[in-house]
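Following the hints, put chains R and P in place on chain L, whose structure we already have.
Chains as they are written, first to last, in my numbering: chain L, 1 to 216; chain R, 1 to 416; chain P, 1 to 347.
Source of the hints: derived by calculation from the structure; they are not laboratory data.
Given the structure is predicted, the values throughout are model-derived calculations rather than measurements.
Just so you know, not all the hints are guaranteed correct.
As a list, the in silico DSS-like pairs of lysine-lysine whose alpha-carbon atoms are at most 27 Å apart [said to hold, decoys possible]:
1) 176(L) to 330(R)
2) 174(L) to 330(R)
3) 100(L) to 315(R)
4) 65(L) to 330(R)
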Amino acid sequence: MPAKVALKRNPKKNPLGRVFVGNIGALAIGLKYFLDPNRITLLYPHEYIKLRQGYRGFIVLIQDKCISCSSCARICPARAMKMLSVKVFDKRLKKEMVKKFPVINYNRCIFCGYCVDVCPTEALYHVPYHDLVYMNMQDMILSLEDFQKEPENVSAKEGIPVRYVFDEKRGLVKIKQEEEKKEISQPVEQTKQQESTKQQTNNPEPKSVNKGGVNQ
Amino acid sequence: MESSTSGSVVPHLPGMEVSELSKNTYEVYIGPAHPGSGHMRIIVEVDGDIMVRVDPDIGFVHRTMEKLAEGRDWIKNIPLFERMAILDACNITLPYVEAVEKLLGTEPPERARYLRTLLCEINRIASHLYGMGIFGVFLGHSTLYMWAFGDREVFIDLAEQMSGARLTHSYPVFGGVRRDIPDDFPEGARKATRYMRNRLNEYAKIFLNNPNIRSRLENVGVMSKNLATELGIVGPNLRASGVRYDVRLNEPYEAYGELEFEIPVFEEGDSLARAWARVEEIRQSLNIIDKVVDWLEKHPRENFMHEKFWKTAPKLYKDVYTGQIDYAGKYRVKLMPLFASLKVPPGKAFARVEAGRGEMVYYVESDGKDVPYRVRVVSPSFRNVIAFKYLMPGHRLMDLPAIYGSFDYFPPEWDR
Amino acid sequence: MITWYLVYRIIVDDIIFYPPIYQFLIIPGLIAALLVALFIIWFERKAAAFVQMRYGPREIAPRIGGAIQLVADLTRYALQEIIIPETVDVLPYILSPIIMIILALLPLEAVPLTSIRTYFPIPPDYSLLIAVALSTLSPLFVVLMSWASNNKFAVVGGIRESFIITAYELIAVLGFLSAAAMTQSFNIVNIVNIQMSGKWLGLLNPIALLAVFIAVLMSTSGFPFEIPDSESELVAGPYTEYTGLLYGLNMGGGYIKRWVFSILIALVFLGGWAPYKPVPGIITGYFIPSLIVSIKALIVMAIMSFLRSVYGRYRVDQALGIAWEILIPLTLAAFGLGLAEAYFGII
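The following block holds chain L by itself, in its conformation from the complex (with noise of 0.2 Å):
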């Protein structure tokens, strides 16, 4: 069945109807709405979105799968990815030799994913996630040890997951998981061992310094 032609006019009103039905039923609206909001706003850097698997994020390649065939240097429309010559110990032909691999320059990527899609052995995969910065160009560019590691979400350090639940009367609804947050916490708190590791480390010199500059 093809679509078909549905003549319509401009819904009509009385002028007095327009009058009073038009302001108070837009009245009525604004005050539903101020009554019972319906927000959909993520308060981001104390909550994030858990992305669903599939979601295309942040790329990571698994050498070991990759066999060099350069299909996602040539199919990537950013020209962000490139083949970088490695000295590698093929454990097959038992002997060094240079293979190609990828490298990525976050610079350029527009996260299209087709190179996650044309590789023919799944060597490269997406994280779900996609808010991180980089404090400059350079570090943006990875180095094949980079490229294979996942990134730092950094979001799931500071903010609590949700997801956002399709609902009838309210469009979106945020729903909180607090049963994730038990298993992202861990690595949480390792961070945070180690990052007061390092201050401990780093701290006694600039102690030392207040301390003279009091007595001084």
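This is chains R and P only, laid out in the frame that chain L set:
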């Protein structure tokens, strides 16, 4: 040169257009850096409060899309063309994919056609909501702006579940689509459509039937049927003037020929009719989404990539598709490595779709190499912008945002 | 001790609670107006956010709903560089926002805020007439501002401002004077005393209240009704060339004008300090009545602020059409209703 010596005549310099102003008028430059102009300039000649001459001056965000496309492999142009209007990404790239498919001689399988239709309609709703939001803020109605952008999030979320990205989906590829819908998608989509139907009534209450807004829009910028066809206006703006033209109706593509839906045509042709046309189109798109989701649920998840690309696929590709590999996700189609260096047989192809703002046309010419010889893009906003020149004169300066916003004009789409 | 006590009494009685100073600078003058502007702008943003599916100002102080956000905004305006374009007429350009603010507060000098004779800033016999007359002064400086800016958008905005002011100030003046027709007095103290019995003039003559309410809404250019500085075609209208603190004064100026009118509405139509009977003494006779009037005015302003989330902007000719074709006949009808009520002795 003689004219420049005499005092009263304006000098004519090469490449410079000089026009004398009459005595009682003056020019106001609205844009390109103006809160109500977007990435364009509208030169308005005002006589008192009445606009006498309106000259839309475009080209401030020109990015040489067509030329860039000539230097890129076939598949790499899909993410490029998305950048014309990222809020309407699937509709914008679909005709390019269709044109190249015509050159390749492939037809997408049935399920892929339905999936493309689904994302196109989701994008159409998101695009209309975006346009309505901007329209609202042009008229000083900040609530509609926030509501439309908030509700657009629902459909962006749907699109994200389908394609993995919020805006730049890069969803259709030659011969099919890149993913199937996830298992819990139909339920969420039905809830979203039911929610949006209720919301449209509330939009009408607070915005379209609000006497304040109605008085701004009614009988403002009336475009007659003749003028609309003469100027070559497309999309909901054309249908608001009473012309029965829609690519989905006249030349059904993808799954539109098999679906039953209405195309709302309004007769008034004023700003209010253009706003209502969008609301009614959203309502029809919601119906289409419901129908497509029903169809997708009923039919098995068979291949949604053309067999030409799929039959030689190794076992790993089928594992990824069925979700056997835990880190790789589910229902993903792996692209064959030949996509990276696809050579399209020589020929010329033409395809068009009904994008959110109107008819989107691609003309693709190949000379058998791995890059296109020529890609010509005609975008709906380009065809709509000329209407400002003929509709605005005679109206008051405050009608400029009311007419501009009702056309849902999107500068990056024309400027390519 | 006695000398210190005397100094204290002089400071409190003769300086702080000296009526012209108290009413111009403290309540409901400059300081109260500033606090009210801070609160109302916060409330406006918060109310709009409630309707519009979001939170509004929050992050600066989540526990109190971001209430001190406006302090931060004010600091930003105050510390921003003031850029004076070369093409402007410098003296009126700088002076007119300042004069506008001062003149906007001037009507507060004319209204009595208590029924006790010692706390009248001026003799209250014609106070309603004087206050209404003074309230029409400050918009002139918006027009001057737009002329001094030497900018096309500013000039168009200034012309619109003058159109709107001419139409809507007239409605406001006529609406307020219908109260005089009802009570046969220009004395605000008399007007409030008549309302002491619970017969608020706003209830007896709701048409006049509605007309004045709409007139104040339109003439003070709050967000969706800011036809002179409508953003989508005139950038910022008369204020286009202003930056930093001068721009902040302009933005605050609208709220102060609205505040002054709200005080007048509260006094004339909503019973002033009505349930409370002033008793001699600084606190009981002056401070508390002025506070009651201020709170009533604040509620009026809050209702005006809420309307921004429901309505859009009228076109300038439509706004003028509403004024001359609908509201002025309505106001005259309200005037007649007031006269009739006075004739039949309902008041």
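Practice prompt. Would you mind confirming whether the straight-line C-alpha gap from residue 65(L) to residue 330(R) stays at or under 27 Å?
Written response: The hint holds at about 19 Å.
Worksheet item: Does residue 100(L) pair with residue 315(R) here, judged by a C-alpha cut-off of 27 Å?
Response: 25 Å, holds
Discussion item. Given the hinted pair residue 174(L) and residue 330(R), is their Cα-Cα distance within 27 Å?
Written reply: With Cα atoms ~25 Å apart, residue 174(L) and residue 330(R) stay inside 27 Å; holds.
Worksheet item: Does residue 176(L) pair with residue 330(R) here, judged by a C-alpha cut-off of 27 Å?
Response: Measuring from Cα to Cα gives roughly 25 Å; hence the hint holds.
Hint compliance for this structure: no hint is broken.
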